[in-house]
Amino acid sequence: MQDCVFTVLSNEALTDTVYRLLLSGPCGEITAPGQFVNVSLPGFFLRRPISVCDCEGDTLTLVYKTVGRGTEAMARLAPEERLQILTGLGNGYDLTAAGDAPLLIGGGVGVPPLYLLAKRLIAAGRRPSVILGFNTAAEVFYENEFRALGVALAVATVDGSYGVKGFVTDALPKECSYFYACGPLPMLKAVCKTPFPGEVSLEERMGCGFGACMGCSIETKNGAKRVCKDGPVFKKEALLWED
Amino acid sequence: MGRLSVDLCGIRLDNPVIPASGCFGYGKEFAALYDIDILGTFSFKGTTLRPRFGNPTPRIAETPAGMLNAVGLQNPGVERVIAEELPAMRAFFHKPVMANVSGFSVEEYVETCRLLDREAQVGWLEVNISCPNVHGGGMSFGTDPAAAAEVTKAVKAVTQKPVIVKLSPNVTDITQIARACEAAGADGVSLINTLLGMRIDLKTKKPLLANVTGGLSGPAVFPVALRMVWQVCRAVQIPVVGMGGIATAEDVLEMMAAGATAVEVGAANLTDPFACKKIIEALPAAMDRYGIKTLSELKKG
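Residue numbers (our numbering), protein chains in the order written: chain L, 2 to 244; chain H, 123 to 423.
Be a bit skeptical, because a hint or two may be false.
Distance ranges between label pairs, derived from CB positions [to be verified]:
#1 H:ASP157 x L:GLY167: 52 to 58 Å
#2 L:PRO27 x H:GLU241: 36 to 42 Å
#3 H:PHE214 x L:ALA124: 43 to 49 Å
Derived SDA-like pairs (lysine to any residue); straight-line CA-CA distance at most 20 Å [stated by the list, open to error]:
#4 H:LYS325 x L:GLU205
#5 H:LYS400 x L:PRO43
#6 L:LYS222 x H:ARG202
#7 H:LYS400 x L:MET2
#8 L:LYS226 x H:ARG174
#9 H:LYS400 x L:ASP4
#10 H:LYS327 x L:ARG70
#11 H:LYS327 x L:ASP4
#12 H:LYS325 x L:THR67
#13 L:LYS190 x H:LYS150
#14 H:LYS150 x H:ARG134
#15 H:LYS325 x L:LYS190
#16 L:LYS175 x L:ASP101
#17 H:LYS325 x L:ASP171
#18 H:LYS325 x L:CYS5
#19 H:LYS325 x L:ASN136
#20 L:LYS222 x H:PRO198
#21 H:LYS399 x L:ASP171
#22 H:LYS325 x L:ASP17
#23 L:LYS226 x H:LYS400
#24 L:LYS222 x H:GLU151
#25 H:LYS325 x L:PRO43
#26 L:LYS194 x L:ASP171
Okay, the calculated bits of chain H under chain L, using three or more residues with CB under 8 Å as the criterion [what the hints assert, rightly or not]:
#27 142 to 149
#28 152 to 162
#29 185 to 199
#30 359 to 369
#31 391 to 397
Don't read these hints as lab results, they were simulated from the structure. In this text, a Cβ means the ideal position worked out from N, Cα and C, and glycines have one as well.
Chain H on its own, in the form it takes in the complex (with noise of 0.2 Å):
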């Protein structure tokens, strides 16, 4: 084991910095300027059993400290990701990569998993039922535990391979929608995805976003982002992936001292797009500053 690895699920990561779903798009940008095997793994763009266009533009807004987004699951569907954009990657990254999976029913959850579990390529299934960007599906599951838990068991029923959920920070109590996930099966949980937010134009007096309201990220969100993966790490036993506002190795070191195993990069990647490659390069030095031998050891303490 090296000094950055760690172990989720199950499966060994060289470091825990995961480019997070929806930034990363299926890698092809980012290998075009580093090497991408570097990363520990990355979670793909949100994958639906069918191909989505999206929302309308304008899809983003700048905040304070951060972006709304409000895309909207736009995506080529399951079928097209594993015909094309699987084959694709293989020629860039040699890991297992974390599939990212959406849906706006359980049936449609439980199909888009049962085609990826085939995939030798994914190592884990990231479920995501917490996209704040689209009606009647995504967050809805993620606000009711009863929903979040049918949902994760579900897709537990139809894969060998680990589930991870994550989850919106758009409710009242995360804690317990963490604990009904893991209570229903889930190998891990990944938090947060974005907050919902809004702005408006005041040239037009209407919302920025043609969505009206998106999904807030960026670092304006980190310190919101550590307090649940905190609140969360006491509430489970499973692995808990930490986002949210991540843009530097200190980000990575606080996330994993709250109890954090792994953590994945969102926003910073579409500012930067060196910013995990950087992360990654000053993990070493700044362990050394804090007196942090190992990764793994820092997540014990």
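The following block holds chain L by itself, in its conformation from the complex (with noise of 0.2 Å):
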């Protein structure tokens, strides 16, 4: 973990609530593809958690949606702003668990952090496979991105105006030797429910982001878990699902 000081690069939109931050400082601490950073905001006394996109050499890439108006702040952020960020925050994915056929699994806004975790098991010689979820097409991002790394990728979208009709469920693969998830609630119950063994990254609402508040604590099969700081990646069978 860092608090360190980010230089705004660039700042643009992926769709109407959806935009790419890109980002110039110290990203050492990001260890992990699935960790996430802390982003201070002027005017805002809490700062927002955003899951990291890409990390490449001093470049962090943040993928975020307008959901208040913190988020709707960020969104007009321009380049050469300023921010304090703390970087490094959470677990992260673990790659030692991907086996030879790995399944990548994004809903939403939960896309942003698979980028990194295709790209860091390409990189261990992994080839792992896409499936990502949206609503619409006018919602749909990053599909581009994920090809370019040359991914088996499949697109899905409720409605069925692009890829295949409904949700990430109905698009999976036959095989596969271990899921990675992010999304929202719905989809990573549904996910949990197939018999393919893997982890999801949760979301909760934050006070520090580092450990201290215990403002996102969920009960697991473990026992108390920090969202920030024991997570957001959990294994598959320690998360107690209520439906």
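Can you join these two chains into the complex? Each is in its own frame, and there are hints to help.
Here it is, written out as structure tokens:
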């Protein structure tokens, strides 16, 4: 964990509500895909936890959705503006569990952390498949970025306006050695009901983002866990899903 | 005595800055970032007799210049705190620590304090009669002078350590509660705990917090806290630990000028993990700017 200043390189809209923010600054503490950073925004008391979409050298990519006043303020950030950011938060995905046919499953704004995961799996000699799920064609983002990595990619939309009609679970391959998922809770629950082993990244409202305030605790089979510090990635078998 | 040092109920602090309970865990996360021996002390996560998971999420909501929390006293229970957290703490904190205790009956407060009284690492017992986020305990003791006195007296009977009673601002007259605690034998009082508040998510028209209400903290509450500290300092003779929205060295000086012996820093640790370190480092220059030679002299004035 490190608290440092980043400089905005660019901030562009990918869809009506999803933006890509490129930042320059020290990324040394970001050690695993699936980790997040906590962004301090002028005029807002709490920081905004955002998953790491990509991280190469001293360039950090955050892809975020505008869901409230804080992220709307983020969307107005201009190049050269400076931001205080806590980096290297959370545990991240476990690459060692991938096996021969890892499957990456992202839904909506859960898609971004899977991009760095795909890159790292490829670098480790794995051949990941990717399923991205969205509500409708206008909300699809990062399809081209994933395609450029050369992964097997399927896109599903709930209304069928693009790709497979339905949910990510309607586009599952027959084989999967291990899945890595990030997305809305109903999607994560559905994915965990498949017979495949895997892990999911959870989202909670956070206070500190580094394990001090117990603001984001969940109950698991292994006792109370902090989503920010013990997670955000949890093994499927550790979770207590309430239906 | 150094320029920054103060005496809190017979124990010398190198400086008056104390991270507040619930905002510093058991110190581990912060000790990974800086040497927390630079602190005056810290008040560890509120401890109850039995383990508690606390409230469902969302437990946190943002407010203008602050935040609401409704964690609900999540902690592993006093036995595991003594068996696991205190021994672990010895590796990175080498000063007397403040043990924050909460309960749901007088008997629970007493038993938890009795167990912590045996721990040499514990310097003070901070008895929290003001948690707004649990039902049937916590704040209900802190809003009635007779109940506050009863807890204070019962706890005092089972410990040799100084007892600092943590007061709720959610009362008509906080000085009345403070006087009742003093008369019951409290060695000090700390204030303020959070102010009860809530927010509604307009997308769902429902409360943002799963617990509906939560405790407001952060710079938004500082003037309210300062006013209450001022009032209590003029109502009791025992030391007062001031807290509520402190974020800068100047805030510390204001609290001490109001009469506080020491201060606790809460929410600031959550938005800036280095907040207490920065405050301690900024204190000498801030004192120079306002012609303050020593902090103990500021309090006397």
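Decide if the proposed pair is consistent with the structure: L:LYS222 and H:ARG202, CA atoms, cutoff 20 Å inclusive.
With Cα atoms ~19 Å apart, L:LYS222 and H:ARG202 stay inside 20 Å; holds.
Do the alpha carbons of L:LYS226 and H:ARG174 lie within 20 Å of each other, as the hint requires?
13 Å, holds
Satisfaction of hint between H:GLU151 and L:LYS222, Cα-Cα up to 20 Å:
Answer violated: L:LYS222 to H:GLU151 is near 24 Å, above 20 Å.
For the segment 152 to 162 of chain H, count the residues whose Cβ lies under 8 Å from any Cβ of chain L; is that count three or more?
holds (count 3)
If you draw a straight line from the CA of L:LYS190 to the CA of H:LYS150, is it 20 Å or shorter?
33 Å, violated
Checking one constraint from the list: CA of H:LYS400 to CA of L:PRO43, max 20 Å. Satisfied?
Roughly 19 Å between the alpha carbons, so the hint for H:LYS400 and L:PRO43 holds.
Would you check the hint for L:LYS175 and L:ASP101, treating anything up to 20 Å between C-alpha atoms as holding?
13 Å, holds
State, for the Cβ atoms of L:PRO27 and H:GLU241, whether the hinted interval 36 to 42 Å holds or is violated.
At roughly 40 Å between Cβ atoms, H:GLU241 and L:PRO27 fall inside 36 to 42 Å, so the hint holds.
H:LYS400 paired with L:MET2 [C-alpha distance capped at 20 Å]
17 Å, holds
Pairwise hint evaluation, H:PRO198 against L:LYS222, where the allowed Cα distance is 20 Å at most:
Roughly 15 Å between the alpha carbons, so the hint for L:LYS222 and H:PRO198 holds.
Chain L over the segment 142 to 149 of chain H, status - at least 3 residues with CB closer than 8 Å:
Holds, because 4 residues of the segment 142 to 149 of chain H bring their Cβ atoms closer than 8 Å to Cβ atoms of chain L.
20 Å Cα cutoff - pair H:LYS325, L:THR67
This hinted pair holds, its Cα atoms lying about 14 Å apart.
The structure fails to meet hints 3, 11, 13, 14, 15, 17, 18, 21, 23, 24, 25, 30 from the earlier list, while all remaining hints are met.
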